[in-house]
Amino acid sequence: MNRKRILLSALVLAVCSILVFGCKKSSNNVVAPSPTVGYIKIAEGYAAGAATKVEIYAVDSAFTGYNKLYIALFDSVNNTFVETAQVTLMPNMDMMSMSHSAPYENPASTSAVNKMFPCSVCFIMPSSGGTWTLAVTVQNLINSKNGVATITINVKDPSTARMFSFISPIDSGKYFVSFIPPVKPIVGINDFEVVVYKKHSMMMFPADSSLGISFIPTMPTMSHSSPNNVDPVHSGKGHYKGKVNFTMTGFWRLSTTFRSSMAVADSAHYFDITF
Amino acid sequence: MICLLVFLYSAGNAQDYKKYPDKDTTVNVQLNEVTIKGPLIGSDQRIKDFYMANKAATTEDVLSKLPEINMIRRGSYGVEPLIRTYNTGQINLLVDGMRIHGACTDKMDPASIYIEPKNLQGIHIQTTHGAVAGSTIGGTVDFKLREADCGCGKRVTGYVSSGYQSAARSLFETAGLNIGSSKWAIRSNITYRGAEDYRSGGGEIVPYSRYSKLNYGLSAKYIFATNWYTKADFIYDDGWNIGYPALPMDVGYAAARIAAVSIVKQKVNAKWSNSEYKLYANNVYHLMDDTHRDNLAIHMDMPGHSNTFGSYANATLQFDHDQNMQFRADISTTELTASMTMHQLNQPPMYMLTWPDNRSIQAGFGAIYNNRFDTLSSITISARLDQFVNYLTSRAGKDQLSVLQKSTDDISRTLKNISTEMAHHFSPRCEISVIAGYAERMPSSSELYGFYLFNAFDNYDYVGSTTLKKEQAYKADINMQYTVSKIHFSFTSFATKIDNYILGIHQPVFNAMTIGANGVKTYENIEFAYMAGMEAGVFYKAEHKFQFISTFKYNYGTDNNSEHLPLVAPFKNVTSIRKQLKHWAMQLDAESACAQYKVNKSSGETPTREFFIAHVRGGYFGSLSQKPFGIDCGIENIFDVAYKEHLDWGKVSRPGRNLYIQVSYSF
Numbered sequence: 001m002n003r004k005r006i007l008l009s010a011l012v013l014a015v016c017s018i019l020v021f022g023c024k025k026s027s028n029n030v031v032a033p034s035p036t037v038g039y040i041k042i043a044e045g046y047a048a049g050a051a052t053k054v055e056i057y058a059v060d061s062a063f064t065g066y067n068k069l070y071i072a073l074f075d076s077v078n079n080t081f082v083e084t085a086q087v088t089l090m091p092n093m094d095m096m097s098m099s100h101s102a103p104y105e106n107p108a109s110t111s112a113v114n115k116m117f118p119c120s121v122c123f124i125m126p127s128s129g130g131t132w133t134l135a136v137t138v139q140n141l142i143n144s145k146n147g148v149a150t151i152t153i154n155v156k157d158p159s160t161a162r163m164f165s166f167i168s169p170i171d172s173g174k175y176f177v178s179f180i181p182p183v184k185p186i187v188g189i190n191d192f193e194v195v196v197y198k199k200h201s202m203m204m205f206p207a208d209s210s211l212g213i214s215f216i217p218t219m220p221t222m223s224h225s226s227p228n229n230v231d232p233v234h235s236g237k238g239h240y241k242g243k244v245n246f247t248m249t250g251f252w253r254l255s256t257t258f259r260s261s262m263a264v265a266d267s268a269h270y271f272d273i274t275f
Numbered sequence: 001m002i003c004l005l006v007f008l009y010s011a012g013n014a015q016d017y018k019k020y021p022d023k024d025t026t027v028n029v030q031l032n033e034v035t036i037k038g039p040l041i042g043s044d045q046r047i048k049d050f051y052m053a054n055k056a057a058t059t060e061d062v063l064s065k066l067p068e069i070n071m072i073r074r075g076s077y078g079v080e081p082l083i084r085t086y087n088t089g090q091i092n093l094l095v096d097g098m099r100i101h102g103a104c105t106d107k108m109d110p111a112s113i114y115i116e117p118k119n120l121q122g123i124h125i126q127t128t129h130g131a132v133a134g135s136t137i138g139g140t141v142d143f144k145l146r147e148a149d150c151g152c153g154k155r156v157t158g159y160v161s162s163g164y165q166s167a168a169r170s171l172f173e174t175a176g177l178n179i180g181s182s183k184w185a186i187r188s189n190i191t192y193r194g195a196e197d198y199r200s201g202g203g204e205i206v207p208y209s210r211y212s213k214l215n216y217g218l219s220a221k222y223i224f225a226t227n228w229y230t231k232a233d234f235i236y237d238d239g240w241n242i243g244y245p246a247l248p249m250d251v252g253y254a255a256a257r258i259a260a261v262s263i264v265k266q267k268v269n270a271k272w273s274n275s276e277y278k279l280y281a282n283n284v285y286h287l288m289d290d291t292h293r294d295n296l297a298i299h300m301d302m303p304g305h306s307n308t309f310g311s312y313a314n315a316t317l318q319f320d321h322d323q324n325m326q327f328r329a330d331i332s333t334t335e336l337t338a339s340m341t342m343h344q345l346n347q348p349p350m351y352m353l354t355w356p357d358n359r360s361i362q363a364g365f366g367a368i369y370n371n372r373f374d375t376l377s378s379i380t381i382s383a384r385l386d387q388f389v390n391y392l393t394s395r396a397g398k399d400q401l402s403v404l405q406k407s408t409d410d411i412s413r414t415l416k417n418i419s420t421e422m423a424h425h426f427s428p429r430c431e432i433s434v435i436a437g438y439a440e441r442m443p444s445s446s447e448l449y450g451f452y453l454f455n456a457f458d459n460y461d462y463v464g465s466t467t468l469k470k471e472q473a474y475k476a477d478i479n480m481q482y483t484v485s486k487i488h489f490s491f492t493s494f495a496t497k498i499d500n501y502i503l504g505i506h507q508p509v510f511n512a513m514t515i516g517a518n519g520v521k522t523y524e525n526i527e528f529a530y531m532a533g534m535e536a537g538v539f540y541k542a543e544h545k546f547q548f549i550s551t552f553k554y555n556y557g558t559d560n561n562s563e564h565l566p567l568v569a570p571f572k573n574v575t576s577i578r579k580q581l582k583h584w585a586m587q588l589d590a591e592s593a594c595a596q597y598k599v600n601k602s603s604g605e606t607p608t609r610e611f612f613i614a615h616v617r618g619g620y621f622g623s624l625s626q627k628p629f630g631i632d633c634g635i636e637n638i639f640d641v642a643y644k645e646h647l648d649w650g651k652v653s654r655p656g657r658n659l660y661i662q663v664s665y666s667f
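Protein chains in written order, with my numbering: chain A, 1 to 275; chain L, 1 to 667.
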């Protein structure tokens, strides 16, 4: 009798557990979220000839430095995403007396990624000195029409600098160096990128892969470093990928050294991260 | 493993008892109802009076008098016991068989601080093997908790004791109550200790040496039948504002909660005996504090947590009149986490894990076989197998440790321990025993996972290594006992070679995190290290009236480059003479140590001077309203010598002349 009761209790417990934990299946009827969720729209315009509305999205508002942008194209007739198009960029800074461009990266493909076209512009100064416009040329491969949207973008200096430039004493070239910090810094190993462009003319800033980069992360207020960091190595299109180790949260400074043919081209600059 | 535990307990229960004294090299210092055994101390009460001379003594005071024990001192409180030259990671420090892991990354909280002498039945020290207590190369210190007393016909008993010591203007107040009947008993006690900054020899006040603590102990017992009972123990220990003059930080609050339930069956029948099954849990919380320090470079919060659960079963199997075998099976798991948050003006908090969240799971099985060939010779073989799995329990912990570019995978190690002891009486006066053993130990959590742990001893930050191999020790001991009339001599000599000895090695590429530190060391296995030494004792006793005890100890250690190991105590002698009258007692103690020049230069260790200090103690033991009443008083460090022992960190002077009085009343 007693044994039976124990067995039964165990059975009841087991069944209850199955009922409680077994019914935790998630339903699959969730509506896919909009591809722009998580991004903010920093500007928009209309590529008239292409009958396409152009919206520019980014994780943050535009700042001086390397901005990863996501261009969403909408068919102006039915307001649906245009997911096949040739998109090319041309940034321009109009300073009244003169104008210049900035480094940029066109979308890599004519097919959108998650309905948007990833690209980038490295704004080399803030809008306070003039007006930044981004000319987005759209060759809409759905309706086979072409057009250009020239969109004004308000660029601000970030609270922590994300870009600097230097003139190399070795080749007298002017280099623009941008920092792509870790997406979410952790106490641990963090991936980061440095993007280097070299000024050829006022309108041409091609990617540069000729430099050797090393860095030392320190906590300036604590006077210590961290071990086992990996210097950025060129991985294509001026992007140098490295790893920085943070041994604690707080204010860290990555002091960089750039070498051109083994000679130091610049060692006066740094990037800061606080987390 | 659980099956094994249950089996051992039930096997022990199944039947009976007839037991020989252990032939292993065990030192039992039983503080109450004393029976002391072991080669060094002999089989009587030779050193009981010596150790219990001062009723105001802490557990650390008692430990420090034992020849096998050396103490690392960072302040008045939390003195860390070592066995010979073996450090905390190399020994087991147990409370009634329970594993307790301190919650402090800086070893400020050895388990000995949670045990008040009033909670203590005895101190069990084992130097030759870890068959019962757990794989160890250095040995085991086990604090046996005092059980509730079912009383000798007296239902309620109790005591009150109050004392004062002048060096630290400290108070020691304790009271206890025991309620017992023939079937059950409950024992509770409460102890308060509070000390101000103490005065060192010569009169200088040592700043940051104060402490306060409160300790409650509760023990209950229920008797099922003769020699068959269950008991529950609970210890609640709170300490606050504890100063560590040798460290850059103090402790704001430290708490330990220790609980255990046991079933004990003794003397059952002729086959099985002494079975015990215990289930235990303990939790330690430790919060370092620097808010009382002047000229602070940076303010830090450093909390640490330790949680341990475990269980063990013991039983002894009697084969025949001359042979028996003791079994032990145990499992335990410890979870540790400790962090540091630094606060700087106008800066965001700087946070890191000093012990990345980690867990250690251990399961072991050990056995000791005793065979008495004849009345003159015996052999004892001890063996143990332990399986450890240590792993990081949080993503944050793994992320952080990956900075060191060592594996963050689970760490699994199997440990083997074996030891043989042969003993022979060459004459009725002389017994010699020889012990040879092989032992392994698991690297400690700090050695595996420690992340920039500041060590004030050598002023380096220490970083763990998850790829550490286990230490392997080849041990040899020889022990001799000789008795002439009322004089007893004992001599023990030991030598150990430890392969894969774990030592901090300076890494110039690493950058110290602690402001002002010399650099960073990582724990590494060096090829080997040697340790050797001796302990000797002379005991004289003329009935109760006159006793003389003198103990000597010497330790020596070198690494594979023939450099002296750090923190090796020099030659030390403790001598005591006690004269007892009917109600009065008088005792003179002398402690002296040679200078230590054999220092580890690469860690910045410096020589320590020799010292000689003397204490005088007196006592009156009478009655008040026909109840026992006693006064203990004395002067420690009579000549107010400014001295430090070699294992005292930071070269902080020890207390100077200390007048104490302790008044006790029992009912």
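Because the hints were derived from the structure by calculation, they are not lab data. Keep in mind the model is a prediction, meaning the values are calculated, not measured. A hint or two may mislead.
[Unchecked claim] Covered stretches of chain L, going by a simulated chain A footprint (3 or more residues, C-beta under 8 Å):
hint: 1; segment: 276-283
hint: 2; segment: 335-347
hint: 3; segment: 508-514
[Unchecked claim] Derived DSS-like pairs (lysine-lysine); straight-line CA-CA distance at most 30 Å:
hint: 4; chain 1: L; residue 1: K65; chain 2: L; residue 2: K598
hint: 5; chain 1: L; residue 1: K271; chain 2: A; residue 2: K184
hint: 6; chain 1: L; residue 1: K644; chain 2: A; residue 2: K184
hint: 7; chain 1: L; residue 1: K398; chain 2: A; residue 2: K243
hint: 8; chain 1: A; residue 1: K243; chain 2: L; residue 2: K497
hint: 9; chain 1: L; residue 1: K497; chain 2: L; residue 2: K416
hint: 10; chain 1: A; residue 1: K243; chain 2: L; residue 2: K469
hint: 11; chain 1: A; residue 1: K241; chain 2: L; residue 2: K183
hint: 12; chain 1: L; residue 1: K598; chain 2: A; residue 2: K241
hint: 13; chain 1: L; residue 1: K486; chain 2: L; residue 2: K65
hint: 14; chain 1: L; residue 1: K545; chain 2: L; residue 2: K598
hint: 15; chain 1: L; residue 1: K183; chain 2: L; residue 2: K271
Beta carbons are placed, not taken as given, at the ideal position from N, Cα and C, and that holds for glycine.
Results for each hint:
no.: 1; hint: 276-283; result: violated (count 0)
no.: 2; hint: 335-347; result: holds (count 4)
no.: 3; hint: 508-514; result: holds (count 5)
no.: 4; hint: L:K65 to L:K598; result: 23 Å, holds
no.: 5; hint: L:K271 to A:K184; result: 65 Å, violated
no.: 6; hint: L:K644 to A:K184; result: 51 Å, violated
no.: 7; hint: L:K398 to A:K243; result: 16 Å, holds
no.: 8; hint: A:K243 to L:K497; result: 42 Å, violated
no.: 9; hint: L:K497 to L:K416; result: 16 Å, holds
no.: 10; hint: A:K243 to L:K469; result: 29 Å, holds
no.: 11; hint: A:K241 to L:K183; result: 75 Å, violated
no.: 12; hint: L:K598 to A:K241; result: 51 Å, violated
no.: 13; hint: L:K486 to L:K65; result: 22 Å, holds
no.: 14; hint: L:K545 to L:K598; result: 41 Å, violated
no.: 15; hint: L:K183 to L:K271; result: 26 Å, holds
Checked against the numbered hints listed earlier, the structure breaks hints 1, 5, 6, 8, 11, 12 and 14; every other hint is satisfied.
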